[in-house]
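Undergrad: Letter by letter, the chains look like this.
2 protein chains.
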Amino acid sequence: MHSIEEIRELFTAYLNQESFQSEPQNLYEPNNYFLQIGGKRLRPCLLILATEIFCGKTEDALSAALAIEYFHNFTLIHDDVMDKAPMRRGFTTIHEKYNLNTAILSGDVLMIKACEYLAKVNPIYFKTIFDIYTKTAIEVCEGQQYDMDFETQQIVSHSDYIEMIRLKTAVLLAAAMKIGAILGHAKQEDAELLYSYAENLGIAFQIQDDILDCYGDENLVGKQVGGDIIQNKKTLLLIHALEAEKVIESNVLENVLKTTHTHNREKVEAVLAVFTQHQTKEFAIQKRDYYVQQSILALEKINLQESEKQVLFKLVDYLVMRTY
Amino acid sequence: MHSIEEIRELFTAYLNQESFQSEPQNLYEPNNYFLQIGGKRLRPCLLILATEIFCGKTEDALSAALAIEYFHNFTLIHDDVMDKAPMRRGFTTIHEKYNLNTAILSGDVLMIKACEYLAKVNPIYFKTIFDIYTKTAIEVCEGQQYDMDFETQQIVSHSDYIEMIRLKTAVLLAAAMKIGAILGHAKQEDAELLYSYAENLGIAFQIQDDILDCYGDENLVGKQVGGDIIQNKKTLLLIHALEAEKVIESNVLENVLKTTHTHNREKVEAVLAVFTQHQTKEFAIQKRDYYVQQSILALEKINLQESEKQVLFKLVDYLVMRTY
Chain A
431 MHSIEEIREL
441 FTAYLNQESF
451 QSEPQNLYEP
461 NNYFLQIGGK
471 RLRPCLLILA
481 TEIFCGKTED
491 ALSAALAIEY
501 FHNFTLIHDD
511 VMDKAPMRRG
521 FTTIHEKYNL
531 NTAILSGDVL
541 MIKACEYLAK
551 VNPIYFKTIF
561 DIYTKTAIEV
571 CEGQQYDMDF
581 ETQQIVSHSD
591 YIEMIRLKTA
601 VLLAAAMKIG
611 AILGHAKQED
621 AELLYSYAEN
631 LGIAFQIQDD
641 ILDCYGDENL
651 VGKQVGGDII
661 QNKKTLLLIH
671 ALEAEKVIES
681 NVLENVLKTT
691 HTHNREKVEA
701 VLAVFTQHQT
711 KEFAIQKRDY
721 YVQQSILALE
731 KINLQESEKQ
741 VLFKLVDYLV
751 MRTY
Chain B
431 MHSIEEIREL
441 FTAYLNQESF
451 QSEPQNLYEP
461 NNYFLQIGGK
471 RLRPCLLILA
481 TEIFCGKTED
491 ALSAALAIEY
501 FHNFTLIHDD
511 VMDKAPMRRG
521 FTTIHEKYNL
531 NTAILSGDVL
541 MIKACEYLAK
551 VNPIYFKTIF
561 DIYTKTAIEV
571 CEGQQYDMDF
581 ETQQIVSHSD
591 YIEMIRLKTA
601 VLLAAAMKIG
611 AILGHAKQED
621 AELLYSYAEN
631 LGIAFQIQDD
641 ILDCYGDENL
651 VGKQVGGDII
661 QNKKTLLLIH
671 ALEAEKVIES
681 NVLENVLKTT
691 HTHNREKVEA
701 VLAVFTQHQT
711 KEFAIQKRDY
721 YVQQSILALE
731 KINLQESEKQ
741 VLFKLVDYLV
751 MRTY
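For the protein sequence lines, the chains are A and B, in the order given.
As numbered in the working numbering, residues 431 to 754 make up the first sequence, in order.
As numbered in the working numbering, residues 431 to 754 make up the second sequence, in order.
Errors might be hidden in some of the hints.
Any copy, or any two copies together, can satisfy a pair, since identical chains are not distinguished.
Unchecked claim - Each computed DSS-like pair below joins lysine-lysine, with the alpha-carbon atoms no more than 30 Å apart:
(1) K527 / K514
(2) K527 / K663
(3) K731 / K617
(4) K487 / K688
(5) K565 / K487
(6) K617 / K711
(7) K565 / K550
(8) K739 / K688
(9) K617 / K527
(10) K470 / K744
(11) K550 / K617
(12) K557 / K487
If you are wondering where the hints come from, they were derived from the structure by calculation, not from laboratory data.
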């Protein structure tokens, strides 16, 4: 079995080998650019890891891994348009570097290419895997819609928020691992448990992101702490503090959010003070740990050797119990 | 066998029955709106017709027909954004009625729903049909890219133009009929011939559109004649006339296109005068009839009873030899 780093190398080599060479260039070149920006390649690596854990062959998982990476990048390209984001991973986004139409159409064709690569899997598993894929892809769109809806929605409950991050982030991680397990000839029951493991892990992963934005070490996280606060982004922490204020009929936080601050630092400190008052950090940690626990419960039930399970236990630390 | 009108009724009933009821509403409601705008439902009807012609069951073709209609509408929603079109079939386009983000994301989910419905076909044909679908969907995106590229491209040859309309319009009609034939248990050879029939017919159909824009009867076409000319749209006719001018080193047409006219009528008449000089109409008719001939050649080779072939012969008249 390969390490995650080895899997990433293998996958990247495959991705590069499959880079688009077709015409029209204006359609495919932007996708080559965007795919080269990189990122952690988390989803394809998890897919391949799942195949290997069930003793499947790495090469049997490559095309599905690429399909998932294409799909993920398609969502990023279109999300960047919807969020008007100028940068992604330190590089100019497609709609900024090229234009809106390129971002739409290159994204579209990347999504169809994802389908094409999915169809290269072992034919006996194709229909099963395809059904997981379409279900998941629909959920990811629904998650993105809820995320946009929440921006203008006055009240968002923390459970609505968790459902949103489940759809927007967790289900694709979970589907990647389930598909990987199936391609490794795992039993259906084990594939379902691995899905549950990764789904809960994905939720915990996103909550940890929210926590680190407020309480991370700037030197480790590599970006300004409080970025979400400055943008009034409805994270689990902000939602919790707003819920807590509602109970005691306070509107300190609401006023802080409405105020125009001369220094961002002031705003961040004012919001963090409210978080401290309501033990918001503790609430978020408790939620995160609940999903980590659910993840581990699923993992323990999977019919695997202890050595393979250890890899998956370590993944929990790698993805969630991180400080950056 | 049902008539085209009966098939359209059957299909519309199925489409209505399957209308999206899921949450989030902001994601699905725009698609219900757009799908209700209607149109001729040409692609799904041709798919079902192909199934019936090969004595397949109508109900076996419905989900694939809906998949093709969803895919087609997804392309329309995104094309309308790219073309900045405010209206479609007399109704407000999604990006105008809602906003850009809704047009992008609702389009995306509609495309994935297309995949979902495609997966409901007879399992023995799923992989074959899916491969046709992805190949075609990619080609349609490529066609749209060429169409956009041509807008800013100084010189476009008439053969490049025909390749563009083949990709943008014809292949989806052809894929619809091929998929329908397969679901009707047609032999591979016959399915390929039906593809060729519909592909050539699709090209002829689009050329006829270009001809009618210049030479149609305003009362029959239902819109102002010369719309393409007013917009400097690179149709087969404009491309031919530009090619002809290049040969004789004239730039009359180029100057007309550059001039700002107080009345659109003047511009249309000036362009039509150049078309007459170069026998552009005759050229377009000749091209159209060439593709009709190719279509009929393929049709004649299909292993079908004369009565079934007659339906397909009539379709040529219905789609191409129309005056509106």
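Undergrad: It remains to establish, for every hint, whether it holds in the given structure.
TA: Status of each hint after checking the structure:
Taking CA atoms no more than 30 Å apart as the test, K527 paired with K514 passes in both settings, with 13 Å inside one copy and 20 Å between copies. When the C-alpha separation of K527 and K663 is checked against a cutoff of 30 Å, the pair qualifies both within a copy, at 26 Å, and between copies, at 27 Å. When the C-alpha separation of K731 and K617 is checked against a cutoff of 30 Å, the pair qualifies only within one copy, where the shortest distance is 13 Å, while the shortest distance between copies is 49 Å. Neither within a single protomer nor between protomers do K487 and K688 lie at most 30 Å apart by alpha-carbon distance, with minima of 55 Å and 62 Å respectively.
When the C-alpha separation of K565 and K487 is checked against a cutoff of 30 Å, the pair qualifies both within a copy, at 25 Å, and between copies, at 28 Å. For the identical chains of this complex, K617 and K711 are neighbours neither inside a copy (39 Å) nor across copies (65 Å), given an alpha-carbon limit of 30 Å. Taking identical chains as interchangeable, the C-alpha atoms of K565 and K550 lie at most 30 Å apart whether they share a chain (19 Å) or sit on different chains (13 Å). In this assembly of identical chains, the alpha carbons of K739 and K688 never lie at most 30 Å apart, being 48 Å within a copy and 71 Å across copies at closest.
In this assembly of identical chains, the alpha carbons of K617 and K527 never lie at most 30 Å apart, being 46 Å within a copy and 48 Å across copies at closest. Proximity of K470 and K744 under a CA criterion of 30 Å is satisfied intra-copy only: 17 Å inside one chain copy versus 57 Å between copies. Taking the shortest Cα distances, K550 and K617 sit within 30 Å of each other both inside one copy (21 Å) and across copies (24 Å). Both within a single protomer and between protomers do K557 and K487 lie at most 30 Å apart by alpha-carbon distance, with minima of 20 Å and 23 Å respectively.
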